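Colleague: Sequence:
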Amino acid sequence: MDLMQMLQAQLSEPVIGQISRQIGATEQQTATASNGIFTALLGGLAQNTSNKDGLSSLVAALDRDHDGSALDDLAGFVGGMLSGSIAGRNANGNGILGHILGDRQASVAQNIGEKTGLSSDQVAKLMPILAPIAMSLLARMLKKSPQEATAPTPGTGGMGELARILMGSAQHAQKGDFGDLLSGVLGGLPGQGVSQPANSGGSIFANILRRVFKS
Numbered sequence: 049m050d051l052m053q054m055l056q057a058q059l060s061e062p063v064i065g066q067i068s069r070q071i072g073a074t075e076q077q078t079a080t081a082s083n084g085i086f087t088a089l090l091g092g093l094a095q096n097t098s099n100k101d102g103l104s105s106l107v108a109a110l111d112r113d114h115d116g117s118a119l120d121d122l123a124g125f126v127g128g129m130l131s132g133s134i135a136g137r138n139a140n141g142n143g144i145l146g147h148i149l150g151d152r153q154a155s156v157a158q159n160i161g162e163k164t165g166l167s168s169d170q171v172a173k174l175m176p177i178l179a180p181i182a183m184s185l186l187a188r189m190l191k192k193s194p195q196e197a198t199a200p201t202p203g204t205g206g207m208g209e210l211a212r213i214l215m216g217s218a219q220h221a222q223k224g225d226f227g228d229l230l231s232g233v234l235g236g237l238p239g240q241g242v243s244q245p246a247n248s249g250g251s252i253f254a255n256i257l258r259r260v261f262k263s
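To convert, note that position 42 of the sequence shown is 90 in the numbering used here; the numbers rise steadily by one, no gaps.
Simulated from the structure, these hints should not be mistaken for lab results.
One thing to keep in mind: the hints can contain errors.
What the hints assert, rightly or not - Keeping only pairs whose Cα atoms sit at most 27 Å apart, straight-line, the calculated DSS-like set for lysine-lysine is:
no. : residue 1 : residue 2
1   : K100      : K173
2   : K163      : K173
3   : K191      : K100
4   : K223      : K163
Claimed, not checked - The following label-pair restraints were derived from C-beta to C-beta distances:
no. : residue 1 : residue 2 : range
5   : D169      : S133      : 20 to 30 Å
6   : G227      : A154      : 31 to 41 Å
7   : G143      : D169      : 11 to 21 Å
8   : Q53       : D121      : 13 to 23 Å
9   : G224      : E75       : 17 to 27 Å
10  : Q158      : Q76       : 16 to 26 Å
11  : Q56       : G128      : 19 to 29 Å
This structure is a prediction, so every number in the text was calculated from the model and none was measured.
We put the CB at the ideal spot given by N, CA and C, even for glycine.
Using the sequences plus the hints, can you model the full thing?
Modeller: This is the structure:
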């Protein structure tokens, strides 16, 4: 299972319904747009962690601001974000988007809107709701095995295991309906030769990735 599949699995029907009402869209539109946003986030994260400094910055942000607990009651967390009762860096979707996508947010929203029938404004409302979910998933992985996250993986030129999984997941997402987000809006992925996380049976961190939500 790659990160896109894990992110999609977090969006239960109640959560999708909750978000749909907030942005004024159908549940199908919201689910489809969510796939596009997760694709963009994975692509941005893969780009940002393709060098040691970027990977270290992500790991530091996850360790400082996120613990993965939002996923224990995602409907409650999303409701808290929407009502303003939950604040702080772990729920600061706009801040997270700024770090991951920078000034490409508007282009991402426009691209997804054109494919889903949503307006750019609706997609722009959805993006900061989903960004903390992605970070919570990564944080939960990191808490399970912090050392393996940054340990170089053999055969990847020193790429940390977390970066390798992000890259593999982004490459897999690139084959989906929103692949042009990565090749066009985000300018493509570095290191296209990285293997998919599902094929990394010998990796301790990848095995933890597959077990994270089985308990």
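Colleague: Of all the hints given earlier, name the ones this structure violates by number, lowest first.
Modeller: Hints 1, 6 are the ones this structure does not satisfy, whereas the remaining hints hold.
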